[in-house]
Amino acid sequence: MNIQFPLLSEIIFAPLLGVLLLVLVDRDNRPLQRWIALITTSVTLILALFMYAGFQGDSAAMQFVERHVWHAGVGIEYLLGVDGISLLLVVLTALLGPICVLACWTDIEQHLKEFLICLLLLETAMLGVFCALDLFLFYVFWEVMLIPMALLILVWGNPRRRVYAAVKFFIYTMAGSVFMLVGILVLYFHQVEATGVYSFSLLQMQQLALPGRLQIWLFLAFALAFAIKVPMFPFHTWLPDAHTEAPTVGSVILAGVLLKMGTYGFLRFNLPLFPEASATFTPLMVTLALIGIIYGAFMCLVQTDLKRLIAFSSVSHLGFVMLGIFAMNRQGLQGSVLQMVNHGLSTGALFLLVGMLYERRHTRMIADFGGLSKPLPVFATCFMIATLASIGLPGLNGFVGEFLILLGAFKARPLWAVLGASGVILAAWYMLWMFQRVMFGPVTRSENAGLRDLNRRELGLLVPVLALIVWIGVYPTPLLHKMEASVAALVTRIEAGGAVVGREPSGSRLADNHWTSTTKETRFH
Amino acid sequence: MENAWLIPAFPFTGFLINGLFGDRLKRIFSGCIACTAMALSFTYALALFIRPLLADVPLEAFERDYFTWIEAGTLKVAFGLLIDPLSLLMVLVVTGVGFLIHVYSIGYMHDDPGFSRYFAYLNLFAAAMLLLVLANNFLLLFVGWEGVGLCSYLLIGFWYEKQSATDAGKKAFIVNRIGDFGFLLAIFLIFWTFGSLDFQVVMAAAPDLFPAGAPTLTAITLLLFLGAIGKSAQLPLYVWLPDAMEGPTPVSALIHAATMVTAGVYMVARCSVLYALAPFALGLVAAVGCATAVYAATIGLVQNDIKRVLAYSTVSQLGYMFLGCGVGAFVAGIFHLMTHAFFKALLFLGSGSVIHALHGEQDLRRMGGLRARLPLTYWTFMAGTLALCGIVPFAGFFSKDEILWEAFAGGHPLLYGLALFGALLTAFYMFRLVFLTFHGTPRAGAETLAKVHESPRTMTIPLMALAVLALVGGWVQVPLVAAGKRLGAFLAPVFEKAEHLLAAGRPLQHAGAWQEGLLMGLSLAAAIAGIAFAYRLYLARPQLPNRIAERFGACYRLLLNKYYVDEFYQSALVEPLRRLAEGLWRGIDVRVIDGAVNGCAQLAIALSGRLRRLQTGYVHHYAWTVVAGACGFFIYILSR
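Residue numbers (the numbering used here), protein chains in the order written: chain A, 37 to 561; chain B, 1187 to 1826.
Just chain A, same shape as in the assembly:
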């Protein structure tokens, strides 16, 4: 075990260190607060990049594993690890950290210190969710994440409806997670009964051969929690409200990372733990995913608020991710994992841009704009790139993900790809129409004529995101290689169903052997 250099713990808790420092800083010393937040998030990013570089793409095993007993009697462990599926999400989360700090540099004026504390706490919790391999630990991080996010909306949101949005977000998500908690406990007790091993370890549980009926119920319990988070149709109505009322940074994190918790949950828990039930529910999940794609796109056509439009486009895009996941083949799954990152980048960029617009004009209504290309040429270029990425133009990142997802879906059922691909037409319609109404035409309002273009800070925080959008579009191979083995292993697992897993002797010894062998090959370089 890698006790000398617990990289994952450092990544997770580096932002928390920032929180401690922030607590000590004088309330009025705003520049110092900002710099502390920027430096800690940047350190987190650098550590995450180290992890990325050291990650072995050809191994499906968990890497950088850390394991400590938390409560021996009950069997709770502090168990961390990443594989090809969580790796990119950890890096994405770490990347959005400094970008968010820079984005709120001048935006947030009230309670800056508390804002930054919330932001850093949130980052710790999100990183924890992606790294935790113990179900109890996972649940802790999962719930911890809720509070700072709800606070971001409640305290720094748009005064008009922020309470409604925050409460809706909180209760909706909470309601889902309660079912998951019950599911976790049922799983735990089933394991105790079947094997006598007291453990919340995910990989321990993967050794279980769950009876079909139990799988069904457990699948539903987990799926509800995750489907709300994704959000899948018809559990999506909290998202537009939360996005619209949240401050810019809140929207960026919500779209960039939080929604992926749902899709990640399906990949990490539902598919490997309940393979039979996953197969049973595939028609339902795919139907909901396809409805999400098309329905979300239709919703975008009638929105008058920019943030609400982008929020609904997330419903549509996350529908693609779910489609790829339940295509259950390598193209679909790899596309989905990549598309999670892509959506984080392109939608994150869109929210950042809308936030910059809001900072200048204090409105997000499409009708209040028009002709902005003239006063804001640099902004227009950035906005265009993000829009095109969102549409899925080849050469930008969105295309690679959507292509792989639809390719996978086509293999599973050609009809799925046909319906999914129709979402691509609608995407062009609503995004370009939005772009036209905001950026093109004559400048009709005098307030818009004198707007100043992006400053260096704003351009500086957008350029890395846009560069990644282009880079992933042109050369996604390195990212695809990193996740290849993990996805292949997952596909094998699903295809084998519960049957093969059941034949293996389950028990702590096998699990332990498994662990030692994986930790050996995953030493940090």
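The set of hints was computed from the structure by calculation and includes no laboratory data.
Where hints are given, some of them may not hold.
[As the list claims (entries may be wrong)] Over 10 Å on every C-beta distance to chain A, these chain B residues come out as not near it, computed from the model:
(1) Thr1254
(2) Leu1325
(3) Ser1382
(4) Phe1738
(5) Tyr1742
(6) Ala1787
(7) Gly1815
[Stated by the list, open to error] Footprint (simulated), chain A over chain B, 3 or more residues, beta carbon under 8 Å:
(8) 1356-1370
(9) 1775-1782
Note that CB positions come from ideal geometry on N, CA and C, so glycine has one too.
Since chain A is already given, all that's left is putting chain B on it; use the hints.
Then chain B, alone, in the frame of chain A:
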């Protein structure tokens, strides 16, 4: 050939320079960089073309994967380029005509505030187009395909303050997306059928795996053709191209006449083997092409905007190219693609010169009598017109006639007849255009007329170069002469296989040279008849057209309003979809779903309001409850 990647890389570099630093560059540098990039690509391609010609050996195909683009499971797509006679010919057309249009643009756009932005887009377009024709697999072709679509969108809406321009750009993108939808599905089907997206692999495997008429191949080719219909503006997706004339005129020449819109024809030709194995799809290609050719020509008869006439003419000529491919004469289709690129680019640039001279006037009803004032424009425009009408010895004569002949010889007399009728219409609307623009009495205002001047050198030199090409461009494929079909020989390696497959499928027909000569005379006669009609109506008796329009009012209005197809799409598709979205939003999202969510919350509040009343605070209430509960518990225990 190792460095074939340089061909798209030159204009892409030009795009980067102009896109990133354009604002800080002097105008003349912006233009020069863009033109130099095109010239370099053209020179490189020309060298590739001439070297084997000098050595008198056939061009050797070259294919190279430069790096792996996407890899997932068994899918492996490379950034790979293929140079064979077909792609090299396309590269020469794109870079050659493209270079001339770049030069012309320097003059045409000289006082536009978005000068460097314009050249950045134009170079980006060239790079994407070159990628499209050089790609060695379907997915990379699709990248170029969407790339040119993006540039088309950006350039149609180049004057973004104009509502109609941005509307047209958006329309072009979305309508093309409908075609791309088919293309994308075709790619999926190809991959899961052949396990590869490589042209060479797929074309080699198809004849061994499938018999002619196999449903899978029919599905693939039909889906691909849907893509081609969108990009090449055929029925029923042609509606975006006439609107695309909102863009600057050189853009119309380059993108919406000479190069991008021919991508569909190129793609069908590239997949000639697949189409040869799918007779139904091939028949549909011919039918759609022929129908579009005549349909668009009828609309072109009455349009009053100089560029719109040319736009419908482009749609119509693209139909001829598809007709050629559809009757199995891929060489003829590509031949017409090439000559059309010369003379249609020339016509658009010529109309640009007229518009430039009249300070933006595009309405034919306010032109006339410009021949003496714009002599160079007039003569070059005339060359293009004669070529388009198919008058010997101009380029269009050879290419169009080959298509007609192949349609007839291939056993499609109906298609031949329609196409011949289309040729008559073509000659009529083109000479109507020429007479209304250059002949007769000037109808422009005196003030405008006084300022009319011939365009600057940067514009007239490309016109002259293209006029020469419009004259001699057809001489590479001369019928009835021994060794006259040099283009056919050059392209033979590409289409050999498809022609072989097609020949196997149908009985050999022996059509004599005398028949070919006779038909040639017939098409010439049709063209001359069209010209004569136009002369009679627009020069000899200029009052006649109005009277005819009044006489056949309904018919005239139908044509003038383009058969009301746009209105039909708007009311039958766009509006219902928008209303559906509105209904879903108000009905389902707000009322049902959010109603349920908020209803749960209301229910909880209401219930807890009731439950709260139990907490009365009176001790005797609580005491009685305890007693009642204890009794109940007691009874339960006893009764067990």
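* Hints the structure violates: just list their numbers, smallest first. => 1, 2 and 6
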